[in-house]
Structures are given as structure tokens and as C-alpha cells.
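Asks: Listed here are the chains, written in short residue letters.
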Amino acid sequence: MDIQALQSTCRQVRRNIITMTNKAGAGHPGGSLSCTEALVALYFDVMKGIDPQDDKNPNRDRFVLSKGHAAPALYGTLCERGYFGREEFDKFRQLHGILQGHPDVKKCPGVDASTGSLGQGISIAVGMALGAKHTGNPCHVYTVVGDGESQEGLVWEASMAAAHYGLDNLTVIFDHNGMQIDGTNDEVMSLGDIGAKWRAFGYDVIEVADGNDMQQVLDALHTPACPGKPRLIHLHTTKGKGVSFMEGQVGWHGKAPNAEQTAKALAELEG
Amino acid sequence: MEKKAIRVAYGEALVKLGESNDKVVVLDADLAAATMTNGFKAAYPDRFYDCGIAEANMVDMAAGMSTMGLVPFCSTFAVFAGRNYDQIRNGVCYPKFNVKFGFSHAGITLGEDGGSHQAIEDIALMRVLPNMTVFVPSDANECYKCVEAAAKIDGPVFIRTARLPSPVYEERPFEVGKGNVIKDGKDLVIFTCGIMLEHCLEAVEILASKGIDAALVNHHTLKPFDEELTREYAAKCGKVFTVEEHSVIGGLGDAVASAICGMGLEKFQKIGINDEFGQSGKPADLLVEYGLTGAQIAEKILNA
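Top to bottom, those sequences are chains A and B.
Per my numbering, the very first residue in the first sequence carries number 1; after that it's consecutive.
Per my numbering, the very first residue in the second sequence carries number 1001; after that it's consecutive.
It is worth saying that the hints were derived from the structure and are not from the lab.
What you are looking at is a predicted structure, and each value in this text was computed from that prediction instead of being measured.
Note that CB positions come from ideal geometry on N, CA and C, so glycine has one too.
Don't take each hint at face value.
Stated by the list, open to error - Looking from chain B toward chain A, a few residues come up when the C-beta cut is under 10 Å (computed):
1) K1023
2) E1055
3) N1057
4) A1062
5) T1067
6) G1069
7) G1264
8) N1274
Stated by the list, open to error - Here are the computed lysine-lysine pairs in the DSSO-like style, where the Cα-Cα straight-line distance is at most 27 Å:
9) K106(A) to K48(A)
10) K229(A) to K1041(B)
11) K1186(B) to K1152(B)
12) K1041(B) to K48(A)
13) K1023(B) to K133(A)
14) K1223(B) to K133(A)
15) K107(A) to K1152(B)
16) K1023(B) to K229(A)
17) K1145(B) to K1016(B)
18) K1210(B) to K107(A)
19) K1223(B) to K106(A)
20) K1004(B) to K1016(B)
21) K133(A) to K1041(B)
22) K1023(B) to K106(A)
23) K133(A) to K1096(B)
24) K1210(B) to K56(A)
25) K1270(B) to K48(A)
26) K1186(B) to K133(A)
Starting from the given sequences, assemble the full structure and let the hints guide the process.
Replies: Take a look at the structure:
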């Protein structure tokens, strides 16, 4: 897919995020908007074996949204990829809907792991990559980890294991928008030098200066694997990216836009 | 009578299972010599994963591995059922992934390591999780069957095993979710599970010497629970006692209580760990301290 088409898809996914959180009156738009480029790049350009008609193809690449609260970004992307129709957005976070508040492997087509309890997704992804190596499955496993999420100890247990087992079929995408519920990362619990920490854990680290720039994200994701090492792609992103009044605002972590804000946001995301 | 620790049987069962099922992988968290998975490690080194001292990551890694068609058995101490709980709940049970848990050193008979390591709450924690099957084998033979059955179940299974060598009884018929009548009787019924079977058999003999004909029923499956057999014997005997090496809250006693609730029985008493933690000591001394020897069980029943 050419880059203009991918960028256009990102705008549509962002509209989907705004639409479904508005309809539900709840959800997490800020951290969904920050990782949109990563998800669109993965599902429309990078991941192999992705087929909405055959979503259990055993050799498909896997994706785990470790920061499960960014479910609107995943749902918005899976919808555009053809896994389900936009009418499902009406039932986001509603009784009997397939789009649960956090991704549910039992309910939503295209979802590879149930996540939302932070720290667990990356650990499950490590297990998938290890299982793939064990069974000779050629698939690659991708996971998006949040910056606040990396305060969970399990993230580091999983990271240690990924390096120990030499999982070069694993790519961890670190969505570094710098904010979490109670404030900036630094106000809540400083993360230190992310690149240095993951390198010290044995990862091949790629820094991406603008994680909301599709070309930069694609370049990183298409960089050939480093044999014997898992990869970390450190995306410097903007929380609320694409909606002027949400950008860089802690308050839009877990708050839905009202009707007026939704109209304004959708207008900004036209084209 | 031959004695064998149930954890040893668990290790042997894994080796046997590994022969017939090449999808079985075993994960341990630096306790292979204690959980007895070292036999599997020696037999199938390429199917054994030591996860280091990181139990939470072990469980979620197993969850991920199960999505690749593998059948992971996670092994560690039963006390870590609490440490791993979020991973067991959200990583495995919520998506109903095909992961098995063989957790050893359960109960006070763990002994000298003390209360910090003596799981008295693991059955309660596991029973309450949707999609989970809970086995508490009472001897080596039952443990072999629990491991075999676990591999055939498509979903999470918890197997609680003990450190202490205990008698190996004659093989009994085994069906998931079905209790076994060990001894029929008419005056009262004792329901038990795990290594307390040995002590209940002793209690039944003491009661018999006093002219009391007690029935004894063993439940190797705590979930799904055999409520039918439980109600049948409760109705027949009228007086019901439960004996377990676990807290009286949330374990076998409460499973029986739920089954017989509303039957209007003459007597019901739960015998187990009375809402307190254990402590260091020799297993035999701890059984006395917490009132779980055959003689003490018989005495409690006589005084009830």
C-alpha cells in the first residue's frame, strides 16, 4: 500500500476511534490516537498472512495489543481491514457487543490475545514467539506496549525471557506518548532512558523520532531482524495525535468526546 | 504400604505423557528439582523451558505458547497460585487457553519452610475462576490419572500436589468430576480430598471401633464438583463432615456446603485449617498442631 493510502487509512481509523468512544461515552482516545500509525502500518503493510476471511490461519503473523485500553485503535484498524463492519462501533463497550472495553480473543475476530491487565500482553507475545520457534512456525509476533505499562514488573520479566530465548521473531513497539492517567510519566513514575534499558535487556533497539510519521514507522518495521535478538521499536508519539484539543493532554487518556467535541474532531480528521 | 509423594507421581506422569504427546511442553520457575519436572527435563530437554524465578511471566508465556498448538504444563509451588493469580485469571482462564498448572508443596505438610510457603488458599482461588478445572489427587495413582485427564481437557486445569510421601492405594476408577466412595457407611459421611484421605481412613477405623459406621467419599475433582454423589451420601447418612488440608474457607468444605445447602441435614462440620496461616515444623507435628491426624479427626466427629 502506498504511503498516501496508509495515511488516509490512519485518518479513517482516527475517525473510528472518535466515533466509537463518543457513542460509548467511554474509552481511551488519547493512547489510541498515539499508536494509530503503528497499527495501520502493521495490518496494512507489514504483517503477513493477515486475512479477515481466514483469521485463524496458523502461520499468520500475530499481534498483541499489550496496552489493551487502546482497543479503539485496534478495533478501528481491524474494521478497516475488513474483519467486521462499522455498525459494530454502535456496540463498543455495550452488552453483547464483540468490541469489549478491552480486546477479547473469544469475542472479536482478528484479536490474538485478551489483554487489558497491563504487562501481560508482552509476556503472552513472548510465549507466542517462543511457541512459534518451538513448532517451526515462520510467523512474526508484534506487540504494542504502553509507556506507563512498562512500570509493571512483568514487562521486564518478559523482556529478560525474550532475550534469553533469542526471540528474533518478536518485535515490541513502545508507544512513548509520555502520559498516563495520573499525569506525565515523569510525574507518576519516571521511566528513565528507555532505549538504554531495553538495550541492556538484550534487545536490538530502533529509535523512531516521530512515531506518528508513517514513513518513519514503516522504515523501522521493515528493518531486517537482528539474528538472535528481539527488537524494540521506540516510538516517540503524541498522545491524542490528530485531534488538536486532545494532543498532549493527560485528561484525554480515558475520557470520551461529547457531541460537540466529536464534530470538531471529525472535521479535523476529514480527507 | 508403598509410599510416594504425589509431586513425584506428577513428575513421572509428565514423562509418560511426553512420550505419547509431542505437543506437551513443561515450564518451571527454577524449581524443577522440587516440583519433580526434572525427569521431563532429562527425557525431553528440547520441550522443557526453565523460566527463571519469574512465575508471572511463566504463566503468560505458557498462554502464548498454547496459541501455537502446544500444551504447556506450568509447575511451581502452590503458594504461588496467589502470585500468578492475575496471569492465571486474565492470561489463561479469561480466554480459556489450553494451559495446565501442576502446583506442588500444597498445604501445611510442606513442613519446615513455614507459613510463608504453605498454601492453604489455592483451592479457593482456583475454584472461583470460570473455565478452570481443579484436581486434588489423593495419591500417586490418582495423580497419574489427573495428569492424563488434564492433557485431554481443552482449557485450563489446576492440579494440586503434595510434598510429603503418602500411601499409594489400589487404583480406583477415575472420571473427571466424579467422586469415589472409598467406604460405604450409614451413620455419617466424611468427604475428603488430597493427602487427607490417609488420615480419614484412620478416623473411619477409629469410629468403627466405637460402633459408628462412617461412609468415606473422596473427591479428586473439586471443580466441576460431584454434587450428585455428595447429596446422595448426605441424604443417606444425615451427618456430614469434610476434611481437607486447606482453609475451611473456599475449599472442599464449601464445595460440599454448596451442594447440600437446603437439605435440612442433622449435622455439618468442616475440618481443615481454621482461617489461620501455618508455621515451620515437621509435617507430622504440624498435622497434630492443626488437628488433622486420624485420631483428632475421629475425636472431632465424635464430639460434634
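Asks: For every hint, state whether the structure bears it out.
Replies: Each hint, compared with the structure:
1. K1023: Interface hint status for K1023(B): holds (9 Å vs cutoff 10 Å).
2. E1055: 9 Å, holds
3. N1057: For N1057(B), the interface hint holds, since the closest Cβ of chain A sits about 4 Å away, which is under 10 Å.
4. A1062: Cβ of A1062(B) sits 6 Å from chain A, so the hint holds.
5. T1067: Holds, about 6 Å.
6. G1069: 6 Å, holds
7. G1264: 39 Å, violated
8. N1274: 33 Å, violated
9. K106(A) to K48(A): 22 Å, holds
10. K229(A) to K1041(B): Holds - the C-alpha atoms of K1041(B) and K229(A) are around 25 Å apart, at most 27 Å.
11. K1186(B) to K1152(B): Answer violated: K1186(B) to K1152(B) is near 36 Å, above 27 Å.
12. K1041(B) to K48(A): 34 Å, violated
13. K1023(B) to K133(A): 13 Å, holds
14. K1223(B) to K133(A): Measuring from Cα to Cα gives roughly 34 Å; hence the hint is violated.
15. K107(A) to K1152(B): The hint holds at about 24 Å.
16. K1023(B) to K229(A): With Cα atoms ~26 Å apart, K1023(B) and K229(A) stay inside 27 Å; holds.
17. K1145(B) to K1016(B): 11 Å, holds
18. K1210(B) to K107(A): Roughly 59 Å between the alpha carbons, so the hint for K1210(B) and K107(A) is violated.
19. K1223(B) to K106(A): 22 Å, holds
20. K1004(B) to K1016(B): 17 Å, holds
21. K133(A) to K1041(B): Holds, at roughly 18 Å.
22. K1023(B) to K106(A): 23 Å, holds
23. K133(A) to K1096(B): 23 Å, holds
24. K1210(B) to K56(A): The hint is violated at about 64 Å.
25. K1270(B) to K48(A): Measuring from Cα to Cα gives roughly 57 Å; hence the hint is violated.
26. K1186(B) to K133(A): Given pair K1186(B), K133(A) is violated - Cα atoms ~58 Å apart, limit 27 Å.
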